[in-house]
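Residue 5 is where the first sequence starts when you use the working numbering, and the numbers rise one by one after that.
It is possible that some hints are incorrect.
Here are the simulated lysine-lysine pairs, PhoX-like style, with alpha carbons at most 25 Å apart [as the list claims (entries may be wrong)]: (1) K204 x K263; (2) K227 x K324; (3) K204 x K303; (4) K22 x K146; (5) K227 x K449; (6) K189 x K227; (7) K189 x K324; (8) K358 x K380; (9) K146 x K51; (10) K227 x K503; (11) K56 x K41; (12) K152 x K108; (13) K120 x K108; (14) K56 x K44; (15) K146 x K125; (16) K10 x K22; (17) K188 x K263; (18) K491 x K503; (19) K422 x K328; (20) K188 x K152.
Derived by calculation from the structure, the hints in this document are not laboratory data.
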Amino acid sequence: MQLSKKDLERRNAKEQMKQLGINPYPSELFPVTHYAKQIKQEFDERKADEFKEVTLAGRIMSRRIMGSASFAELQDSTGRIQFYVRRDDICPDEDKNLYNTVFKKLIDIGDIVGIKGFVFKTQVGETSVHVTELTVLTKSLKPLPLPKTDAEGNVHDAFTDPELRYRQRYVDLIVNPKIRETFKKRTQLVNTMRTYLNDKGYLEVETPILQPLYGGAAARPFKTHHNTLDMTLYLRIANELYLKRLIVGGYDGVYEFSKDFRNEGMSRFHNPEFTQVELYVAYKDYNWMMELVEEMIEKVAIDLHGTTKVPVGDKEIDFKRPWKRFTMFEAIEHFTGIDISEMDEAQLKETARKLNVPVDDTMGKGKLIDEIFGEKCEGNLIQPTFITDYPVEMSPLAKRHRTKEGLVERFEAIANGKEICNAFSELNDPIDQRRRFEEQLELGKRGDAEAMTLDEDFLRAIEYGMPPTAGLGIGIDRLAMIMTNSKSIQDVLFFPQMKPEKKSVVLSEDEEMVLGLLKKEGKMDLEILKSAANLSNKKWDKAIKGLTRHELAVVKKTDTSLDVILL
RNA sequence: GAUUCGAUAGCUCAGCCGGUAGAGCAUCUCCCUUUUAAGGAGAGGGUCCUGGGUUCGAAUCCCAGUCGAAUCACCA
Numbered sequence: 005m006q007l008s009k010k011d012l013e014r015r016n017a018k019e020q021m022k023q024l025g026i027n028p029y030p031s032e033l034f035p036v037t038h039y040a041k042q043i044k045q046e047f048d049e050r051k052a053d054e055f056k057e058v059t060l061a062g063r064i065m066s067r068r069i070m071g072s073a074s075f076a077e078l079q080d081s082t083g084r085i086q087f088y089v090r091r092d093d094i095c096p097d098e099d100k101n102l103y104n105t106v107f108k109k110l111i112d113i114g115d116i117v118g119i120k121g122f123v124f125k126t127q128v129g130e131t132s133v134h135v136t137e138l139t140v141l142t143k144s145l146k147p148l149p150l151p152k153t154d155a156e157g158n159v160h161d162a163f164t165d166p167e168l169r170y171r172q173r174y175v176d177l178i179v180n181p182k183i184r185e186t187f188k189k190r191t192q193l194v195n196t197m198r199t200y201l202n203d204k205g206y207l208e209v210e211t212p213i214l215q216p217l218y219g220g221a222a223a224r225p226f227k228t229h230h231n232t233l234d235m236t237l238y239l240r241i242a243n244e245l246y247l248k249r250l251i252v253g254g255y256d257g258v259y260e261f262s263k264d265f266r267n268e269g270m271s272r273f274h275n276p277e278f279t280q281v282e283l284y285v286a287y288k289d290y291n292w293m294m295e296l297v298e299e300m301i302e303k304v305a306i307d308l309h310g311t312t313k314v315p316v317g318d319k320e321i322d323f324k325r326p327w328k329r330f331t332m333f334e335a336i337e338h339f340t341g342i343d344i345s346e347m348d349e350a351q352l353k354e355t356a357r358k359l360n361v362p363v364d365d366t367m368g369k370g371k372l373i374d375e376i377f378g379e380k381c382e383g384n385l386i387q388p389t390f391i392t393d394y395p396v397e398m399s400p401l402a403k404r405h406r407t408k409e410g411l412v413e414r415f416e417a418i419a420n421g422k423e424i425c426n427a428f429s430e431l432n433d434p435i436d437q438r439r440r441f442e443e444q445l446e447l448g449k450r451g452d453a454e455a456m457t458l459d460e461d462f463l464r465a466i467e468y469g470m471p472p473t474a475g476l477g478i479g480i481d482r483l484a485m486i487m488t489n490s491k492s493i494q495d496v497l498f499f500p501q502m503k504p505e506k507k508s509v510v511l512s513e514d515e516e517m518v519l520g521l522l523k524k525e526g527k528m529d530l531e532i533l534k535s536a537a538n539l540s541n542k543k544w545d546k547a548i549k550g551l552t553r554h555e556l557a558v559v560k561k562t563d564t565s566l567d568v569i570l571l
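When you get a sec, could you build the whole thing from the sequences and use the hints?
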């Protein structure tokens with residue numbers, strides 16, 4: 005690794021600390037008595053006695069050295085607090101090294117230290133800790149980006165480059181404290197839902213991520229391989245089929261917070277792995293489930309914001325119950341003025357064309373309706389709204405509607421123009437379920453890459469009998485985006501999926517030269533390349549092995565030749 | 001996958017009529033015992049994303065690529 009001058013300076017400072025007998029990475033526990041936020045909230049000059057001795061630990065975020073006294077800021081998990089170091093306080097004897105050398109020269113911004121002292125207010129009124137003892141806890145070898153906020157609240161030199169923020173989230177979390185809040189809210193959101201579901205007596209369970217058959221949603225999976233069993237396994241795209249097996253097994257209510265994986269495009273709404281909660285409750289239907297969703301999400305909003313009203317972009321979304329309800333056909337009629345409820349496939353295709361909704365031949369009736377809805381309605385639904393009663397063709401796991409022909413008892417909740425949950429009265433007629441799976445196989449043959457596969461074991465399970473059940477799935481990332489006012493899914497994932505950082509490979513002169521020759525051709529016969537390189541056998545061997553080790557080139561043997569191929 | 005925009009010092013950015021690479025903060029040296037975007041004096045720091053091309057000369061113009069962002073498409 006190439007070290008910058010600043011890297012070297014910090015490494016050097018670390019060595020000097022050691023020479024002065026200071027361990028830059030001590031092992032002993034450091035007993036913290038107070039936190040930054042707590043002191044700033046509670047301190048008052050009349051109560052100075054209560055803050056005669058406080059101990060804090062954290063990272064140094066700024067320094068203002070004024071000769072033999074200094075101000076600096078310490079950042080702990082709760083925030084920042086200023087501290088004041090005076091040479092003659094921390095070095096009462098002749099030896100002034102701790103201040104002059106260690107504090108002023110060897111300690112840098114970014115280092116983690118412990119401070120002990122008393123709390124006071126400076127002449128300008130800033131609550132600060134007057135340090136009497138300073139302990140190095142961890143020497144930092146990398147300089148931090150240093151955003152600063154001026155008196156008007158303007159941030160200067162902010163660390164904003166999304167690529168760096170996502171790739172080095174740890175730095176993002178250090179210098180952009182609001183990011184830490186976003187992720188705390190995300191966890192609170194999950195905690196609220198978990199508490200709510202536990203209080204209802206439902207059982208949190210875990211089901212397989214590696215599955216021999218993937219199912220429960222319309223999506224393309226990730227494929228992997230198990231060596232011992234020598235078989236293909238898929239990463240789950242949904243939990244549905246396993247959770248329903250548990251309802252067959254006799255639990256009244258089961259739920260799972262789970263990472264699911266879909267091998268599809270990435271965007272500000274899509275990450276290849278994402279989090280869902282799925283819930284199944286026996287002896288209930290989709291009407292009952294709508295009420296649960298309203299109540300649970302309203303509770304999330306209140307727990308996170310203290311109110312049902314949540315700011316999202318330039319809008320305000322109010323999660324107060326009850327939410328608006330539309331059937332899918334009503335919604336389409338509302339936004340397009342066209343009643344499609346009685347149309348056949350040809351008429352739907354014609355209508356879609358008229359509305360400028362793109363169509364192709366793989367689309368069946370259900371898919372066409374879904375496209376029209378997605379194109380013309382979904383984005384307009386800002387306030388939380390339930391859309392109910394979907395076409396049977398696009399809901400192969402949902403129960404047929406008790407009164408409306410061709411529809412199923414399904415709903416989605418939509419907020420800020422995006423689906424936040426999907427639920428239905430679960431199909432528990434095994435004969436009908438088999439037929440629906442078979443229809444999916446047909447769609448697959450027509451070219452629908454997301455059509456579902458037929459799961460014989462799941463069918464066997466419901467042949468034993470699954471009670472009438474209501475099922476629900478909520479996209480946690482999407483909900484977290486709304487609840488934290490985040491524009492991108494990457495802002496609610498600590499480590500969003502990204503392409504790997506480009507390896508910076510340092511090549512030898514010979515390797516560079518051979519690579520240069522190869523780059524002109526892309527692919528060359530090994531003997532030709534070798535003679536063009538004009539190296540000794542030994543040097544040639546070293547260069548070509550270096551290139552293949554760095555995965556810049558590969559040597560491939562065919563029946564007739566030995567080729568070197570540029571990667 | 002498509003289109004548009006971007007990549008210059010550790011961070012944020014300027015330079016882009018082609019002519020030896022700049023600012024603020026950070027870093028280093030010195031001064032400064034209640035400052036707060038502390039201040040003052042001085043110094044160092046760059047494969048201008050990569051590779052080609054045009055040119056006497058390219059950070060700047062052209063082509064290709066890498067990475068990223070935004071919008072759209074598929075999707076939760």
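Earlier hints that do not hold, by number = Hint check: 2, 6, 9, 15 fail, others pass.
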